[in-house]
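*Asks:* First to last, the sequence lines map onto chains L, R and Z.
Residue 287 in our numbering sits at position 79 of the first sequence; the count goes up by one each step and never skips.
Residue 185 in our numbering sits at position 178 of the second sequence; the count goes up by one each step and never skips.
Residue 311 in our numbering sits at position 309 of the third sequence; the count goes up by one each step and never skips.
Since the hints were derived computationally from the structure, they do not count as laboratory data.
One should not assume that every hint holds.
Unchecked claim - Some but not every residue of chain Z turned toward chain R, in silico, with C-beta under 8 Å:
1. VAL279
2. THR281
3. VAL313
4. LYS335
5. GLN348
Ideal placement from N, C-alpha and C gives every residue a C-beta, glycine not left out.
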Amino acid sequence: MRKLWIPLVSGLLATGCGIGTAGPDRLDGTPAEVTAIPRLYWVTHDGRLRASVGAEYAKQPSEPSAEQAVRSLLAGPTELVRATNLDTALPEMTAGQLPEVTAQGKDKGPLTLTLPHDVSRLSKLAVGQLVCTAWSAEAVRRGDIAQIEVTLSGGGRRSGPHRCADYPTAPGPSA
Amino acid sequence: MSHVLLIEDDPALRIGLEMALRRMGHEVAACGTGEEGLRRLGAGGIEVVVLDLMLPGMDGFEVCRRIRAAGPVPLLMLTARGDDIDVVAGLEAGADDYVVKPVQPRVLSARISAVLRRSDPMPREHSEQHGEVVIDRASLVVSKSGVEMALPPTELRLLLTLSATPGRVFGREELLEVVWGYDRVSEHRLVDAAVQRLRLKIEDVPGTPRYVQTVRGFGYRFGPL
Amino acid sequence: MTAWWGRPRGLRARLVTAFVLLAAFSTTATAVLTYRQARSSILDRSQSALTSDFRNQVAALAPTLSWPANEADLARFMDRLVPRTRQASVRVVQSTTHLAGDASASGVPVPDELRGRVRGQNSYGYQRVVDGGVPWLVVGAPVKVKQPTGAKASAPVEVYLTASLRTEQEDTTAVLDAARNGALPVALAAILLALLSARRVLRPVRDLGRAARDLAEGRLDTRVAVKGKDELADLAGTFNKSARELESTVEELRGMEAKARRFAADVSHELRTPLSVMTAVTDVLEEEAPSMRGDAATAAGLVGSETRRLVRLVSDLMEISRFDAGAAELRRKELDVARQITATVQSRGWQERVRTCFPEGVRAGLDPRRLDVITANLVGNALRHGGEPVTVTLRSEAEDVVIEVADSGPGIPGDALPHLFDRFYKADTARSRSEGSGLGLAIARENVLLHGGELTAANRPEGGAVFTVRLPSRGPEQNDEGSRS
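So that you can see chain L by itself, here it is in the shape it has in the complex (with noise of 0.2 Å):
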């Protein structure tokens, strides 16, 4: 009688348990990929900022650069572009006025973006869309996509730091 006490009280505790902890344990599945690429944002009718790739970027398997992003920026929204209702809230330049962007920081720490032009009369989604258009390329180019505190001097102006996340966005392209 006694051999069987114990299976019966180990029993009765085994079931006060209820569900306990467990794993970690391993899922089968290939994991997923995203590809990095740098991105131009423009504004959209409903007044927030929305990616778009760089048709350029997307064919040219170059070392991404802020400067380079922002200059494509500024050389203004492609037909491609303006046919997914996008704008710009930056001054057009022509191909001709394209201004040096220089860009400061390596690899961490917050970016410096000179503009050949008075930052403090761009609108606040124009310096939106500097700013992440900024942090989108150096996102890249540093393999990490932390926020990037972006300043813009320009005009014997400053302005920033700015982030990317301060601004309103739109989910970008399905890639």
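Chains R and Z: place on chain L using the hints.
*Replies:* Showing chains R and Z alone in chain L's frame:
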């Protein structure tokens, strides 16, 4: 000495007892059955009956009862055993005393004499009245409410003894000694049966006796009325 | 009979306990197994659904996520991953950077072990944690970031789903509760069934026990009802058979005893009549003996004396046989002991030869006829075998009446003392032709024993023998003064 009626069915014993009693001076009338005995009793002259309970034909107790009904003649039983229930039944039927067979003739004779002595008058001249009962000691007549009662000797002697000193308690041994003889002191049945028979005759309500009263643990007494 | 836990228990208790334990064990075992199974299936199903859904979703949605993803991208991504059917939240993490998702939404941080597996081994994984009594499932999915050439390698992005398993826990608890709730009625039912079964088994046992007791107390007509065909029915049948045999044996013995008694009574009766005749006529023979010639006179004398002896012997034999048959009855009457003894002595004419010393007022409830027999036998014996004067003393001691019969003779020889009360024992062979039948003392002793008393014999220091009779003054139910009022 006395005229004895012997009722005994066994012929050898009848002859033997008749012979023994005759030699002791008794006059003996011997009968072999109860019917014969009753007829002889009816013819008169019998002073005492000796009856064997074991009789063919009419049952011994029945004979006893009929003899008793016929009159207060002294009646002795002959029984086979002394502690039989038959003895008690016989006493209740009215026998004065009993002897156990085999009995020595002189013992039987002594019992006969003893029972006859009970009929002797006691030395007193006048008659006494106790309640409804009147006792004449000289003539040995007892009457209740004016009616004369024929008491057999045992009951008569018992009543006379008790009423001689009313209120006095008599122990059974004493009564046995006085009425039945000093050798019968151990026979308590005799006195109890006689008392019962007496009560049936003189008491108004035999269940609640006035005249012959029981004193528990001691015996009997006459009255107080 | 004790069980293993050391306390003495009856059969019923043992049966019931065994039953209840068995029921308890089986219900518990069943409940446990059922619960575990239920828990596994409930849990497994939910978990496997959650993990595979999450993995598939991540695998499907990740490619549609534009990278680097802005707030809105991540929000939309996470939104699509959160299951609607339960409390859950998604987090997106890259290295130590918390990219998105409210850390405090679920209150459960992603466990390090899981992060280790997801990030370190670059594989999907899941882990279950318990927080505040609620289990949570944390599923992790790694997302590789493919960098363009020239860019630095990016740490993988980890997406975590924290889903509450509260519903599953509630479901399994419900199963457990059901099992637990069922346990009590089951236990009660088990006890009830056990009691019923025990009763079914025990009732015949108890009946049998009671019948055995009844039988032992003398009710030989006790029988047990035989129900069914099992071992108990067999036992009942055997019992009945034994009882029947016992009853019939006892009947037989009783019958034999009754026959013996009847025979003794018949013999007595048959003997009495010829003896009565002989007794009646031997007196005559003895009277005529002087006038008979020579041998006839001697013959007549012998016939007389032997007849007397024969009568005494037959009476004594009948008396003794009545005691042997157990037919002797005691009839107690309230009497004056001294008076009775005196009457006994006087009625046999011994008053000159016997000295008496009696206090007044010694009363007792004894059988007068038997007292007479006892006294007569002892005094007669003392006069015959002892020597005069014979002294009889009486005294009352506590609940008893003590009568002593002492003689001034030579006393009882030592070798005779133990056999004194044996039947037909004659201490002095020279006196074998004495008047006694050899049964006198035996009869006296039987009469004393019938009263519940004792009779002893001893030699007095001053010479002579003394017989001591001790009788209880009263019987257990005192029957005084006969049955007449």
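*Asks:* If a hint holds in the structure, say so; if it doesn't, say that too.
*Replies:* Structure-based check of all given hints:
1. Given the 8 Å rule on beta carbons, the hint for Z/VAL279 holds: about 4 Å separates it from the nearest Cβ of chain R.
2. Checking Z/THR281 against chain R by beta carbon gives a least distance of about 4 Å; that is within 8 Å, so the hint holds.
3. Annotation: Z/VAL313 was flagged as interfacial toward chain R, and the flag holds, the nearest CB pair being 5 Å apart, inside 8 Å.
4. Hint on Z/LYS335 holds. Least Cβ distance to chain R is approximately 5 Å, under the 8 Å limit.
5. The interface hint given for Z/GLN348 is met, as the beta carbon of that residue sits about 5 Å from the closest beta carbon of chain R, less than 8 Å.
The structure is consistent with each of the numbered hints, conforming to all of them.
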